[in-house]
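Enquirer: Using this note's numbering, the letters of the sequence shown correspond one by one to residues 5 to 143.
Everything labelled a hint here was simulated from the structure, so no lab data went into it.
Where a beta carbon is used, it is the ideal one built from N, C-alpha and C, also for glycine.
One or more hints might be untrue.
[Stated by the list, open to error] If you anchor each label on the Cβ, the simulated ranges turn out as follows:
1) HIS30 to PRO109: 18 to 24 Å
2) ARG127 to GLY22: 19 to 25 Å
3) PRO64 to ARG85: 28 to 34 Å
4) ARG105 to ILE57: 17 to 23 Å
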Amino acid sequence: LDGDISVDGEPNGVSTQGILDDPALHRHAEELMRETIAIGNADLAAAGKSERIDARQFVPELFTRTSQMGQYLTSTLLDLRAGRPMEIEAVVGAVVELADRLGVPTPATRGVYSCVKLLDERRQAARTPAEPPVRSVRL
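Please take these sequences and the hints and turn them into a complete structure.
Expert: So this is what it looks like as C-alpha coordinates:
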(Lines of atoms letter the chains of each structure in order from A; the text may use other names.)
(Lines give C-alpha, C1' and ligand atoms only; values in the text may rest on other atoms or scores of the structure.)
Protein backbone atom coordinates (compact mmCIF):
# COMPACT_ATOMS: atom_id res chain seq x y z
CA LEU A 5 0.00 0.00 0.00
CA ASP A 6 2.77 2.42 0.81
CA GLY A 7 5.16 1.57 -2.04
CA ASP A 8 4.27 4.44 -4.37
CA ILE A 9 6.50 4.39 -7.45
CA SER A 10 7.40 7.45 -9.47
CA VAL A 11 7.67 7.59 -13.24
CA ASP A 12 11.41 6.86 -13.12
CA GLY A 13 10.81 3.73 -11.03
CA GLU A 14 12.27 5.05 -7.78
CA PRO A 15 10.26 4.45 -4.64
CA ASN A 16 8.79 7.62 -3.19
CA GLY A 17 6.51 6.02 -0.70
CA VAL A 18 3.55 7.31 1.19
CA SER A 19 3.46 7.81 4.92
CA THR A 20 0.55 6.64 7.00
CA GLN A 21 -0.65 10.25 7.15
CA GLY A 22 -0.60 10.36 3.36
CA ILE A 23 -2.82 7.29 3.28
CA LEU A 24 -5.20 8.79 5.85
CA ASP A 25 -5.39 12.10 3.94
CA ASP A 26 -5.84 10.77 0.40
CA PRO A 27 -9.41 9.59 -0.25
CA ALA A 28 -8.43 6.89 -2.77
CA LEU A 29 -5.63 5.49 -0.59
CA HIS A 30 -7.89 5.67 2.45
CA ARG A 31 -10.56 3.62 0.64
CA HIS A 32 -7.92 1.11 -0.48
CA ALA A 33 -6.57 0.78 3.07
CA GLU A 34 -10.10 0.22 4.31
CA GLU A 35 -10.63 -2.49 1.69
CA LEU A 36 -7.40 -4.20 2.81
CA MET A 37 -8.55 -4.05 6.44
CA ARG A 38 -11.95 -5.50 5.59
CA GLU A 39 -10.35 -8.36 3.67
CA THR A 40 -8.02 -9.08 6.59
CA ILE A 41 -10.96 -9.08 8.99
CA ALA A 42 -12.85 -11.47 6.69
CA ILE A 43 -9.84 -13.80 6.78
CA GLY A 44 -9.72 -13.55 10.57
CA ASN A 45 -13.42 -14.33 10.84
CA ALA A 46 -13.10 -17.31 8.50
CA ASP A 47 -10.15 -18.56 10.55
CA LEU A 48 -12.18 -18.21 13.76
CA ALA A 49 -15.03 -20.17 12.17
CA ALA A 50 -12.64 -22.87 10.91
CA ALA A 51 -11.31 -23.21 14.46
CA GLY A 52 -14.85 -23.69 15.77
CA LYS A 53 -14.93 -20.34 17.57
CA SER A 54 -18.15 -18.34 17.76
CA GLU A 55 -16.48 -14.93 18.15
CA ARG A 56 -16.29 -12.62 15.15
CA ILE A 57 -14.59 -9.32 14.48
CA ASP A 58 -17.10 -6.57 13.64
CA ALA A 59 -15.55 -4.71 10.71
CA ARG A 60 -18.03 -1.83 11.07
CA GLN A 61 -16.57 -1.09 14.51
CA PHE A 62 -12.98 -2.25 14.11
CA VAL A 63 -12.01 -0.51 10.85
CA PRO A 64 -12.79 3.01 12.13
CA GLU A 65 -10.95 2.13 15.35
CA LEU A 66 -7.87 1.11 13.34
CA PHE A 67 -7.92 4.40 11.45
CA THR A 68 -8.27 6.31 14.72
CA ARG A 69 -5.33 4.44 16.26
CA THR A 70 -3.21 5.07 13.17
CA SER A 71 -3.94 8.78 13.20
CA GLN A 72 -3.11 8.97 16.91
CA MET A 73 0.28 7.35 16.28
CA GLY A 74 1.31 10.24 14.06
CA GLN A 75 2.96 10.05 10.67
CA TYR A 76 5.33 7.16 10.11
CA LEU A 77 6.62 4.92 7.33
CA THR A 78 5.94 1.21 7.27
CA SER A 79 8.78 -1.27 7.69
CA THR A 80 8.32 -2.51 4.13
CA LEU A 81 8.82 0.99 2.73
CA LEU A 82 11.81 1.57 5.01
CA ASP A 83 13.33 -1.71 3.77
CA LEU A 84 12.70 -0.71 0.16
CA ARG A 85 14.31 2.70 0.60
CA ALA A 86 17.33 1.20 2.38
CA GLY A 87 17.80 -1.50 -0.26
CA ARG A 88 17.11 -4.26 2.25
CA PRO A 89 15.08 -7.36 1.41
CA MET A 90 11.41 -6.68 1.95
CA GLU A 91 9.50 -9.14 4.10
CA ILE A 92 6.82 -9.56 1.47
CA GLU A 93 6.03 -13.20 2.20
CA ALA A 94 5.72 -12.66 5.95
CA VAL A 95 3.73 -9.43 5.70
CA VAL A 96 1.46 -10.05 2.71
CA GLY A 97 2.16 -13.49 1.23
CA ALA A 98 1.10 -15.32 4.39
CA VAL A 99 -2.19 -13.39 4.39
CA VAL A 100 -2.89 -14.37 0.77
CA GLU A 101 -1.97 -18.00 1.50
CA LEU A 102 -4.30 -18.17 4.51
CA ALA A 103 -7.11 -16.54 2.52
CA ASP A 104 -6.68 -19.13 -0.22
CA ARG A 105 -6.81 -21.98 2.29
CA LEU A 106 -9.96 -20.56 3.85
CA GLY A 107 -11.62 -19.67 0.53
CA VAL A 108 -11.78 -15.93 1.27
CA PRO A 109 -11.52 -13.68 -1.80
CA THR A 110 -8.85 -10.98 -1.36
CA PRO A 111 -8.58 -8.98 -4.58
CA ALA A 112 -7.12 -5.86 -2.93
CA THR A 113 -4.59 -7.79 -0.84
CA ARG A 114 -3.64 -9.98 -3.79
CA GLY A 115 -3.13 -6.85 -5.91
CA VAL A 116 -0.80 -5.31 -3.34
CA TYR A 117 1.04 -8.61 -3.00
CA SER A 118 1.55 -8.93 -6.76
CA CYS A 119 2.74 -5.35 -7.18
CA VAL A 120 5.15 -5.35 -4.25
CA LYS A 121 6.51 -8.77 -5.20
CA LEU A 122 7.11 -7.61 -8.78
CA LEU A 123 8.79 -4.45 -7.51
CA ASP A 124 11.08 -6.49 -5.28
CA GLU A 125 11.90 -8.98 -8.05
CA ARG A 126 12.81 -6.16 -10.45
CA ARG A 127 14.87 -4.44 -7.80
CA GLN A 128 16.75 -7.66 -7.06
CA ALA A 129 17.29 -8.37 -10.77
CA ALA A 130 18.71 -4.89 -11.32
CA ARG A 131 21.20 -5.53 -8.54
CA THR A 132 22.33 -8.97 -9.70
CA PRO A 133 25.23 -8.76 -12.13
CA ALA A 134 24.48 -10.39 -15.44
CA GLU A 135 26.14 -13.75 -15.92
CA PRO A 136 28.17 -14.18 -19.08
CA PRO A 137 26.37 -16.13 -21.76
CA VAL A 138 27.10 -19.83 -21.84
CA ARG A 139 28.58 -21.04 -25.10
CA SER A 140 28.56 -24.62 -26.15
CA VAL A 141 31.75 -26.08 -27.57
CA ARG A 142 31.88 -29.16 -29.77
CA LEU A 143 34.78 -31.45 -29.19
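Enquirer: Take the hints in turn and mark each one as holding or not.
Expert: Verification of the hints:
1. The hinted window of 18 to 24 Å between HIS30 and PRO109 holds, with their beta carbons roughly 21 Å apart.
2. Between ARG127 and GLY22, the C-beta spacing of about 22 Å keeps the proposed range 19 to 25 Å intact.
3. One distance hint, 28 to 34 Å for the beta-carbon pair PRO64 and ARG85, holds here, with the actual separation near 30 Å.
4. At about 18 Å, the CB distance of ARG105 to ILE57 agrees with the hint of 17 to 23 Å.
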